[in-house]
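Trainee: Go by the hints and put chain W onto chain V.
As you go down the protein sequences, you meet chains V and W in turn. Each residue of the first sequence is one higher than the last, beginning at 0 in numbering that gives the first Met the number 0. Each residue of the second sequence is one higher than the last, beginning at 0 in numbering that gives the first Met the number 0.
Take these hints with a grain of salt, some might be off.
Computed beta-carbon distance windows for the label pairs [what the hints assert, rightly or not]:
#, chain 1, residue 1, chain 2, residue 2, range
1, V, Ser244, W, Asp45, 14 to 22 Å
2, W, Met47, V, Ala261, 44 to 52 Å
3, W, Gly15, V, Glu235, 22 to 30 Å
4, W, Asp45, V, Pro189, 48 to 56 Å
5, W, Met47, V, Arg213, 20 to 28 Å
6, W, Lys8, V, Glu111, 30 to 38 Å
7, W, Arg18, V, Ile87, 35 to 43 Å
8, W, Ile28, V, Thr174, 32 to 40 Å
9, V, Lys4, W, Asp51, 30 to 38 Å
Simulated from the structure, these hints should not be mistaken for lab results. Built from N, CA and C at the ideal position, the CB exists for glycine as well.
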Amino acid sequence: MKCRKCGRGAVIELRRHNAAFCEPDFVEFFRNQVREAIRKHRMFTPEEAVLVAVSGGKDSLALWEVLIEEGYRTTGLYLDLGIFDYSIESKARCEKFATAHGVPLIVTAVAEEVGAPVPIIKTVTRRPPCSGCGLSKRYLMNRVALERGFPVVATGHNLDDEAATLFGSVMHWQTDALPRQSPALAATHPKLVRRVKPLYRLSERETAAYAFLRRIDYIVEECPFAAGATSIAHKEILSRMEEASPGAKHNFLFGFLDRARAAFERVEAVALQECARCGQVTTGTVCAFCKLADQVKRAT
Amino acid sequence: MKVILRNPKREVQVAGGRRVKDVLRELEIIPETVLVIRGDTLVTADQMVTDDDTIELRPVMSGGSASRDASCGEASGEMIGDGRAQPQPAAGEASGEMIGDGRAQPQPAAGEASGEMIGDGRAQPQPATGEASGEMIGDAS
Chain V
0 MKCRKCGRGA VIELRRHNAA FCEPDFVEFF RNQVREAIRK HRMFTPEEAV
50 LVAVSGGKDS LALWEVLIEE GYRTTGLYLD LGIFDYSIES KARCEKFATA
100 HGVPLIVTAV AEEVGAPVPI IKTVTRRPPC SGCGLSKRYL MNRVALERGF
150 PVVATGHNLD DEAATLFGSV MHWQTDALPR QSPALAATHP KLVRRVKPLY
200 RLSERETAAY AFLRRIDYIV EECPFAAGAT SIAHKEILSR MEEASPGAKH
250 NFLFGFLDRA RAAFERVEAV ALQECARCGQ VTTGTVCAFC KLADQVKRAT
Chain W
0 MKVILRNPKR EVQVAGGRRV KDVLRELEII PETVLVIRGD TLVTADQMVT
50 DDDTIELRPV MSGGSASRDA SCGEASGEMI GDGRAQPQPA AGEASGEMIG
100 DGRAQPQPAA GEASGEMIGD GRAQPQPATG EASGEMIGDA S
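Next comes chain W alone, as it looks inside the complex:
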């Protein structure tokens, strides 16, 4: 089967009759870094490909300054519009937002391991269902 690769654009021939993930493994490509395109649609890693197939492995990674914010372009040490305070998320919706009274936490005594928890270890309040910004849809396996 024919596999089209990008950046630079090139073609390689590999054996078909197996799953897409096996082709990716042979080519040492991390599935997360490409779209697998067959014809006008995408195929998942568990799908079979045949010797007659042509698939394109299109990289999804972009970089450099195209979408950088803090990691590039800040080397001068001078900011343009980055010294601003952050807006707060809608009330009560951030899962990690402090809902308590804002009192300072106890500080570790001098000489104690800084990484050790000295605080009260109480569980944080949980956000209402579906409102946790960091919540994923399912359980990543």
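Chain V with its partners taken away, still in its complex shape:
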């Protein structure tokens, strides 16, 4: 198989693009996709400080590397979930990356903020571990960014993540979730920072390939709580569809973003207010994060 651009031996085939690339041309393709995402959705400017949420996995570290290479001012944010060896090893990967690239890394422990690590939160709430984990991460990403003066948080969500999320929302017709799915969420309240996904044009396999080819030391092991997660099942279904029909995931997500999402936007904006306890933004009186912390406090 030959590189589509230079004709040398290819290292990766991208069936959805009917193309294959050698290593240097794939790296350039990858960075071009990130540049296009940032430009198209006006995610941030070179003058802005970007907080990059990193997990130690391929996506977030690949994103951080690209943004550094592109000359953006970045700081990493690692949220320590307290998930046994998985968290210890993923944190070590982030620290190693930050040191090697000479960039700052903020580490915040979920246990210190909520009152217990994710495994305990899972037991207390009796809900899937991803539930309390995701809630805590979104809350802390926003709060840390606000406190430290970052106007924008960038996350490593890729095309597969976004397609799987969309698939889940459509399967349950969560019409309130559909308009919120976007590569860029605006700061619609003084206490909300912009949240962007510069990898949304790139598949999971492409981010993994980029991380490998760029010699990024990421954690390959999966979060022990991810096994059996609905999102994984959705990804597997979509991968089978992709195998049978290359471009299926791409068309599903981009078709939604380009042609369907606007149809689900609400006429009336959701009323946002500040949590009576912590002052962060919520749709209720007390935010879900404070309620979670209360629940953990009562049980421990």
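Mentor: Below, chain W alone, put in the same frame as chain V:
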């Protein structure tokens, strides 16, 4: 040849002297879900592997809450910062963006099949070359 698998990490022996895609088929692995690593580089599915080769099939799928947005963590029904309006893409660049006058479309008459198109069926304006966000590089076969 030796094949290294992950999660959990293990090794299996399979016959070489064939293409990578044949090895993947035998192991019932969807090519889209793994990187095929030989030494310090990646190999494509059409490349030959020999009995002396060692390849790693590294899964690319991550999940759970690590990169979830709406599918996890929203079960409480309460949002933290998700009730915001979306920023608009740069003018004229979204392929599906309405460029017309924004008039409401005709509604189907009562009793008619809702899935049937009643509108005018006009083709949508096409974006300028290279600006369509959803455009792929080539023709996926």
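Trainee: Tell me, which hint numbers fail for this structure?
Mentor: none
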